[in-house]
Structures are given as structure tokens and as C-alpha cells.
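So you can see what is in the structure, the chains are spelled out below.
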Amino acid sequence: MEYNLENKIFFSRLRILQAIILLVIAVFSLRVWQITVARYSYYIEQAERNQLRRIDVFAPRGLITDREGRIMADNVNSFSLLLRRDRAECVECTIEEICRELGFDRDRINAVLEENRQLPAFRPIILVERLTLPQVSWILARYREHPELDITESPQRNYRYNSLASHVIGYVGRISPEELDAPGYDEAKPGHSIGKDGVEKTHNSTLMGKDGVRTVLVDSLGRIQEELAFLQPVKGSDLTLTIDMDLQEVAEKELGDREGAVVALDPRNGEILALASMPGFNPNTFSSGISQEEWSIMIADPAKPLLNRAVGSVYSPGSVFKVILAAGGLETGIIDEKSTVICRGAVNLYGRPFRCTSSHGEVALKEAIRSSCNIYFYLLGQEMGVDLMAEYSHRMGLGEATGIDLPNEVSGLVPTTQWKRETLGEPWYAGETISVAIGQGRINATPLQIARAIGLIATGEATRPHLVLNRPGTAGSSAGEPVNIALENLDLVRQGMWSVVNEWGTGWRAKVEGFDVCGKTGTAQLISRESRESLSDEAKEQFTHNAWFAGFAPLAAPEIVVAVIVQSGGGGGASAAPVAGKIFNTYYRKTRGLQKEQPDESPSAGAGEQS
Amino acid sequence: MMIHKSLRQLDFLLISSALLLLGCGLITAYSLSQGGTGSDLHLKQLARIGIAFLVCLFFLYIDFEILTYYSVVLYGFLLLLLLGVLFFGTEINNSRSWIGIGGFRIQPSEPGKIVLILFLASLLGQVKIEYLRFSKLIQCGLLGMAPVVLILLQGDLGTAVMYAPILAGMLWMSGIRTKVIIIILLCMLLAAPAGWMVLKDYQKLRIKAVFNPDLDPQGIGYQTRQSLIAMGSGGLLGKGIGKGLHAQLGYVPESHTDFVYTLMVEETGFIGGFAVLLLYLILLWRMLEIARNARNRTALLISVGVISFFFSHLVINVGMATGLLPAIGIPLPFLSYGGSSLLASAAALGLILNVNLRRFANT
Numbered sequence: 001m002e003y004n005l006e007n008k009i010f011f012s013r014l015r016i017l018q019a020i021i022l023l024v025i026a027v028f029s030l031r032v033w034q035i036t037v038a039r040y041s042y043y044i045e046q047a048e049r050n051q052l053r054r055i056d057v058f059a060p061r062g063l064i065t066d067r068e069g070r071i072m073a074d075n076v077n078s079f080s081l082l083l084r085r086d087r088a089e090c091v092e093c094t095i096e097e098i099c100r101e102l103g104f105d106r107d108r109i110n111a112v113l114e115e116n117r118q119l120p121a122f123r124p125i126i127l128v129e130r131l132t133l134p135q136v137s138w139i140l141a142r143y144r145e146h147p148e149l150d151i152t153e154s155p156q157r158n159y160r161y162n163s164l165a166s167h168v169i170g171y172v173g174r175i176s177p178e179e180l181d182a183p184g185y186d187e188a189k190p191g192h193s194i195g196k197d198g199v200e201k202t203h204n205s206t207l208m209g210k211d212g213v214r215t216v217l218v219d220s221l222g223r224i225q226e227e228l229a230f231l232q233p234v235k236g237s238d239l240t241l242t243i244d245m246d247l248q249e250v251a252e253k254e255l256g257d258r259e260g261a262v263v264a265l266d267p268r269n270g271e272i273l274a275l276a277s278m279p280g281f282n283p284n285t286f287s288s289g290i291s292q293e294e295w296s297i298m299i300a301d302p303a304k305p306l307l308n309r310a311v312g313s314v315y316s317p318g319s320v321f322k323v324i325l326a327a328g329g330l331e332t333g334i335i336d337e338k339s340t341v342i343c344r345g346a347v348n349l350y351g352r353p354f355r356c357t358s359s360h361g362e363v364a365l366k367e368a369i370r371s372s373c374n375i376y377f378y379l380l381g382q383e384m385g386v387d388l389m390a391e392y393s394h395r396m397g398l399g400e401a402t403g404i405d406l407p408n409e410v411s412g413l414v415p416t417t418q419w420k421r422e423t424l425g426e427p428w429y430a431g432e433t434i435s436v437a438i439g440q441g442r443i444n445a446t447p448l449q450i451a452r453a454i455g456l457i458a459t460g461e462a463t464r465p466h467l468v469l470n471r472p473g474t475a476g477s478s479a480g481e482p483v484n485i486a487l488e489n490l491d492l493v494r495q496g497m498w499s500v501v502n503e504w505g506t507g508w509r510a511k512v513e514g515f516d517v518c519g520k521t522g523t524a525q526l527i528s529r530e531s532r533e534s535l536s537d538e539a540k541e542q543f544t545h546n547a548w549f550a551g552f553a554p555l556a557a558p559e560i561v562v563a564v565i566v567q568s569g570g571g572g573g574a575s576a577a578p579v580a581g582k583i584f585n586t587y588y589r590k591t592r593g594l595q596k597e598q599p600d601e602s603p604s605a606g607a608g609e610q611s
Numbered sequence: 001m002m003i004h005k006s007l008r009q010l011d012f013l014l015i016s017s018a019l020l021l022l023g024c025g026l027i028t029a030y031s032l033s034q035g036g037t038g039s040d041l042h043l044k045q046l047a048r049i050g051i052a053f054l055v056c057l058f059f060l061y062i063d064f065e066i067l068t069y070y071s072v073v074l075y076g077f078l079l080l081l082l083l084g085v086l087f088f089g090t091e092i093n094n095s096r097s098w099i100g101i102g103g104f105r106i107q108p109s110e111p112g113k114i115v116l117i118l119f120l121a122s123l124l125g126q127v128k129i130e131y132l133r134f135s136k137l138i139q140c141g142l143l144g145m146a147p148v149v150l151i152l153l154q155g156d157l158g159t160a161v162m163y164a165p166i167l168a169g170m171l172w173m174s175g176i177r178t179k180v181i182i183i184i185l186l187c188m189l190l191a192a193p194a195g196w197m198v199l200k201d202y203q204k205l206r207i208k209a210v211f212n213p214d215l216d217p218q219g220i221g222y223q224t225r226q227s228l229i230a231m232g233s234g235g236l237l238g239k240g241i242g243k244g245l246h247a248q249l250g251y252v253p254e255s256h257t258d259f260v261y262t263l264m265v266e267e268t269g270f271i272g273g274f275a276v277l278l279l280y281l282i283l284l285w286r287m288l289e290i291a292r293n294a295r296n297r298t299a300l301l302i303s304v305g306v307i308s309f310f311f312s313h314l315v316i317n318v319g320m321a322t323g324l325l326p327a328i329g330i331p332l333p334f335l336s337y338g339g340s341s342l343l344a345s346a347a348a349l350g351l352i353l354n355v356n357l358r359r360f361a362n363t
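Going down the list, the sequences are from chains A and B. 1 is the number of the first residue of the first sequence in my numbering; add one for each residue after it. 1 is the number of the first residue of the second sequence in my numbering; add one for each residue after it.
Don't read these hints as lab results, they were simulated from the structure. Errors might be hidden in some of the hints.
Simulated pairs of lysine to any residue, SDA-like, Cα-Cα distance not exceeding 25 Å [what the hints assert, rightly or not]:
(1) B:K136 with A:E48
(2) B:K239 with B:V55
(3) B:K243 with A:E226
(4) B:K243 with A:E45
(5) A:K196 with A:R67
(6) A:K8 with B:L26
(7) B:K204 with A:W33
(8) A:K420 with A:G441
(9) B:K239 with A:A229
(10) A:K8 with B:F134
(11) B:K239 with A:T423
(12) B:K243 with A:Q46
(13) B:K243 with A:N116
(14) A:K8 with A:W33
(15) A:K253 with B:K239
(16) B:K243 with A:W33
(17) B:K243 with A:R53
(18) A:K8 with B:R297
(19) B:K136 with A:S288
(20) A:K189 with A:L113
(21) A:K201 with A:S288
(22) B:K179 with A:K189
(23) B:K243 with A:G570
(24) B:K239 with A:Q51
(25) B:K179 with A:I9
(26) B:K239 with A:E227
(27) B:K136 with A:S12
(28) A:K8 with B:K239
(29) B:K204 with A:L217
(30) B:K239 with A:E45
(31) B:K200 with A:K420
(32) B:K243 with A:Q225
(33) B:K239 with A:E48
(34) A:K8 with B:K243
(35) A:K338 with A:G351
(36) B:K179 with A:E89
(37) B:K243 with A:V218
(38) B:K136 with A:I9
(39) A:K196 with A:G209
(40) A:K8 with B:V127
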């Protein structure tokens, strides 16, 4: 177009347009340079973070076997349902649908959701474990409608013997947010199963493997496009326990539905051969994620099935304490083998009558132990005083935790005058000493402590009770330390204990022909004599006493200690001694290569039973 | 007409750059087909290019004076078609802007831009004075806004927005006084709050996201942010054709249409992105030259309309991809996959070549 006045404005404005175009292209070029070159490293990292996803592959836990290699805990593969809330259009609707279609428990799922509210939405939540195959295929078939649902295959703990040895093994459960922050769980991630009780807990780091990681390329919807790398998970180390499942089964069977505990250990090295606490529980219930309801029932149960009575409960030792006191009396020189006391069925001390079970006449130490004469020990205790009794109780390991590799061990109590002054702000009354002398009153101990004390008397050496069998070459920790009591004094006590079982003493029911079982019964009073008066005669025996038996065998070279407590079991000789007798008998027949009394009594291993 | 002889008069630099841009578009379509979308996008696009070539020839062959003369008919037809879409159209991506004709589905608002260029050229081409009269301005403004209102009613803000630069560019070039421009801009500024109220929530958020793409990485800033990540991870030389993972894995939405430039930069890096900008610069530069040499006012206005059409699409599209402007879904001419946009671009190219061909007053 020709340039004229009329068109002047066209040409000037075309030049402006030209300038604008040039400017914009220049700005864009610089901007693209800035993004692609100047900030390259930042964006490349962002791109990888978006596209690469690391998926944890849970490692199976190590096996737990008994001392003979019988598998107590292994793993089964199980399918779990994962929910990724960030992909859900409506979490509520999805939950509603899967509960309706697959029959899941709505409350349980809600509880799981509530528990994981704090997690970022892109972190998958394990909604349901141990899916059935029809459930798995239903979910997989709806992959497109429900991108928020996913299936993962993971190893799940399986306890082959169900409730047998439940308190030793413990159980596993999902790691809680508090545990995640706690020391010792550095390797654990949310959703991980960790040991919550028993050796599963105390040896968690051994049993727990090292998780693998799959590095995958995902698209914007998180669908896996390609696997780039796979770091294989490493299974946890196996654990061989000192437990002998044959003895364990006898112990639990003999306790039956009575509440109580049994500890059997090898006094030469501290290996626990059996540790039972009744009632028990089925740890498989926990592996698959216990519901709130089941948990509440378990917690509210007055029989406290989750309480490990062998280490976590204290009892008055009753007359079992007499053997400890006897050793102390001999060591201090207050009594000797020939010292005697006249028992007329009761004695008045500090203006109050203290009773015996009958009139034993003139008794020396051996007879006092055999017939469990209270009068002998009342007078011995009076002579020694509470603080000296405490001194020897401590030498026998009472009043302090044994250090066994189980959680929640309590240390029991050995009272002293100083203790009472400091804790209760009261002076010690002389009458209390008399009660303590027969294992009543303030003194208390766990069944495991009693077993250990009996082991000390049996061998003269102190060992640390433990549940994991030492591997060859690392036996250092099981060597015993000599206890600070003369061996000949311990031998006198042992003679008395032999007499209890083998010379028609109170523990005759624990006798095993040919095995020289030694022991001591105890019948610990649960309520005061005054309240006892109101009960009927049978009720008196039945409900007011805990029955004890603690012993070892054989006399010449002790190999096994057994401590039994039957709660509300009445007389120790009648209730507890037969349980111990069965265990001694099983052990004897097993170690001496004899046939079992009933050949079909071997522990019945369920074939990987699932709940 | 000496058209066959005068084909030699055509601007081959312009045609080459347009063809190279089409080639880039084909490459990205091919790249996406490699990425496992399962269909051969590049073959489909090649077929469309064939049709587009015929459309281009049509707008080149018929004298622009004749096209302008009949543009009022085309304009009427456009309004009818837009009304038809409004009532019988197909809804895609929340906007009812598609209509089925035979076996095809077309978005009339795209070729409508060409109709607007011709119609405005016919209205303004007759004005013989230096500055535009106010009454003429109002007349052209109202007639130009009519299809825009219909498209807005369809819910397609992106396309409607693209009518404005054509209208503004042609009015400006036909001589609005600078003070009138200032008054109009002031009025628009005052009306802006009202306009803001009309916008839907998601559109407001998109505008906010321009100023802070990291605002909510998973939410509204998502598209822009992912686009930047895709481009940035391409680096200087790019990841290679078919290897633009970020865009292809679906992190960048619409990577074959609205975000085609993102995919281009991710796969071919700064070099490829800069080459595309350079090709556009050549394209627009040659078009400005054609405008300067236009035979008459009508021819010049057609050229300016075509320049506005290409330039505004480039600005909005690349501005969006590089995070400088709000995310408005419009295609990048020649590069984006899709028929309607390609047809409009081909028609626009045909028109300006038409002006180029008939630049001498005596032909």
C-alpha cells in the first residue's frame, strides 16, 4: 500500500505491532531458557520425585522354634486391602460399597481409618488383612472404578501351636504412632508389624528382617508402568528358644483351666524349659489385626489372659520361703542341723497366737522342712529379724528382677525396716517379722524368682534365666556365679527338700520313681484369718489359698527346677505338687530315653492353622 | 486470473515456516503414539493436514475481495451455527461447543475467527478517513461481540477470549485514536470487578495460580506446575522424541493439544522450544511484510486480523505453558493436534497468502 497521509497511521502502528511481536518472542525465549537451562537441576529432581515411587516390600520375620527345632512361629502369605485416600473421590462411598459387597466390618474399618487420620493422604492405609480369594478378585476386577483400592501381598505371622506358649512367644501387631518415635524401632515404618509381647517383643530387632524396596515408574494416576529396580527383602533371623514344647504342653495341660503359672528351668545355665501362664490367648488373633471389640473383651476379662503371671505377677511365697530362710539361718549360725524346737501347734509371740498346721513335737531342721512346721520358722525368723532375712532373700535373688528376656517383668518385694519407714512412714512391728518368716505378710515374689531361688539352692550358683538358646561358641552368659552361701548349708536344705517329696512329706505327690525329686510346698493365705472365719469349711480351703510347689531334681546333680503356683488352688501339696510331678516325670522319661506314659501326648501342632 | 503464473509470487519463507511448524506438530503426535496411547495420532493428523491443504487452497484461490463481499452471509451463517451448537451441541470438557456434521465433529467457534476477520475487514475497509469514527467503533464492536457472547454462553471461555485480540487488533489498525483507546481501557478496568464476579471459581483460581504456581501443587496450580517440571526436565537438548516421560505419563494434561509446547520442550529441550519460537517469529515477520505491501485497506485489515489470530494464540498458549499467563485451554496453531484449530489456521494462512498474491493493484 502506498504511503500517504491517510495511511500514515497504518504504517506507524504496524511498526509498533512488529516491536511487540519481537519483544514477546524474546521474553518467551528467555523464559524457556530459564526453565530448561537455568533451573534444570531443580525441575529434573521434581520430575523424578513425581514419576518414581518406592514401594516397601515387607520382610518376613524370622522363625521361632523350640530347643528341638519345632517351629512355633512362621509366616504365611496374606493379601491385604490398601486404601489411598488421595485417589478416592469419596472415601465414605467406597467404604460403604466394600462393606456391603465384601462383608467387612464397618466399625473395624472406621477404627482403622481413625487410627491413621494423621497420615498424609497419599500414604496407603491397610484396611483389611487376610483377604479371601473371592474378595481379592472382586477388588482387582474393579481396578478402574476404584483406583484408590489396591491389594498387597505381605507375610503374616502364624503361630502353629495357637495358644500354647503364648506368653513366651507373645504376639505381633501393627506398630503404633508412639512406637514409631520410640528408640529401637528405627527400621520400622508405618504399617509394619512388630513384636508387642513375649520374645516377639524383646527380640524384635533379631526377628525383624530388612524390608525390600521396589522402585517403579508411575503415571499421574499412580498406576505402575514399569519396575525399575527391586531390592529384595531380607528375612529376619531365626530364634531358637530354650523352651521344650513337650514340657510346655504338660505344664499348660496340667494347669488346665485353673489360673496359675509354671516355670521350669535348667539351674545349671538358666535356660527356661517351660514357662506357662494360664489362661493364655491365641496370638494368631493379633496377627490379622485384632478388632476393638475383641481387644476390649480381652482387657475386661477378670482372668487377665494377657497377663504373664510367671514374670508379671507377684504372690506371697508362703511356706516355699522357708527353704530360703533355712539356708539363711544355717549361714548365720543361728541354727545348725541339730537345733530343735518344740511345736505344740501354736506359739504366743508379742501377745498374739501364731498357729502351726498341727503339733509336730520336737523338730529339727530336716523334719521342720519335711512337715513344713511353722513354729520352727517363726522362732528362726524372730531370732534373725526382718533385715537379716531380707539380706538372705536378696542373696537368693528375691526383690529384684531376674533380667529374663520377657517384657513387663516385675521385681517383687523383700521388706526391711528401712523400706517400711521410707515407703510407708511407719515403724516395723515385730509381729510382721513372724508373718514374713513363713512367706506371708509384705514379702512377695514372681514364680520365676521362686524358680531361680530354688535353682540357687540346687546348684549353689546364680544364673540369669533366659529364653534364647545360646548358639555354640557364645555360651559365656550362661555360666553361673557362685552364690554367697556355703555349699554344706545348702546341702542340708536340699536334704530337707528331698524328704518333703520322698519321705511322705507335704510334697509327696511330686515324687517320680528313680528321679530323686526335691521340693517344698506352700499354701499362701490370700485373705486375713478374720475374713476367713465367715466362709464355709470347703470354701476356706478352696478359695483362700494359693497353692505352691517349687522343687528340683535329681538331688545328686540337679538338672531341672520347677515352680508351680495354682491361684486359689487350696493346699500346695494337693494342687501344685501333682503338676510339678507330671513335669518332672515327663522330663525324666524324655532325658533318660524312657517311653512316655501316654504315647499320644506329644504337642499337637496345628498345620499352619489360620484364624 | 493469472493465479498459476503468480504462484511464484507467494512468500515461500512464510509457507516453509508454516510447514515446519506442522512438521513439529506431527512429530509430537508421533511421539505420543509411541508413548502407548494406543492410537496413531500422527496418521490421523496427517489426514487432517490433507484436508487443511484444500481449505488453504480455497481461501487462496478465491479473491479476498469476493470473500469479503460475501462475508456478511458467512457472518449470518456463523451466528446461526453458534446458536445451533448452543441448543443441539455436544458437551466436551464442560463446554457445549461441538456439533456433529455428517461423521465429523466440529467446533464452529474455531473457523468463526476467520469469518470475523473477513466480516470486520468488510466493515472497516470502506472507511476512508484517518481516524475511526465513534459510531463505526460501536457498530463494529457490537457486531464483533455477538459471536463472542454466544461462545461464552457455550461455556468456552478460552475460545471466546481469542476473539478479542482479532477484534482489538483490527479496530486499532483501522485508526482508533489513542485517547479513545485509553478511555476504553479505563472502562474495562472499572468493569473488571464485575467481570471477576462472572468468572467461575475454577477460572478465578487459575488466574491466582499464575502468581503462585506452588500455591497448591496437587490442586489448581497443578497443570502449570507439571508443565514447568516437564519442560525443565528437558534441559538444553531434551529427552529425545518419544521419551518425554513426564508429559506422556499424564502428569501434564492435554499434552497433545493445549500443552503441546510443553511436550515439545520436554523432548527437544531449549533448542526445540527456541526453534518453534523462531519459526513463529519468521511466520509473523513475513505476515507483517505482507500487510505492509497490501493492495488496499481491506487487504491490510485481513492481514492484521490474521496476524492477530496467530500472535494471540502463540502468546496465550506459550504464556500458559511457561507459567506466565493463566491456564486457558487454547491450541497452538499448526502444532496442536486436532482438526478445528488446524482448519482455522489453514484458512488464515490461505487468506494472508491471498493478500500476498494479489498485492499489486492492477491484478
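Ascending list of hint numbers which this structure does not respect: Per hint list: 1, 2, 6, 7, 11, 13, 14, 15, 19, 22, 23, 28, 29, 31, 34, 35 and 36 violated.
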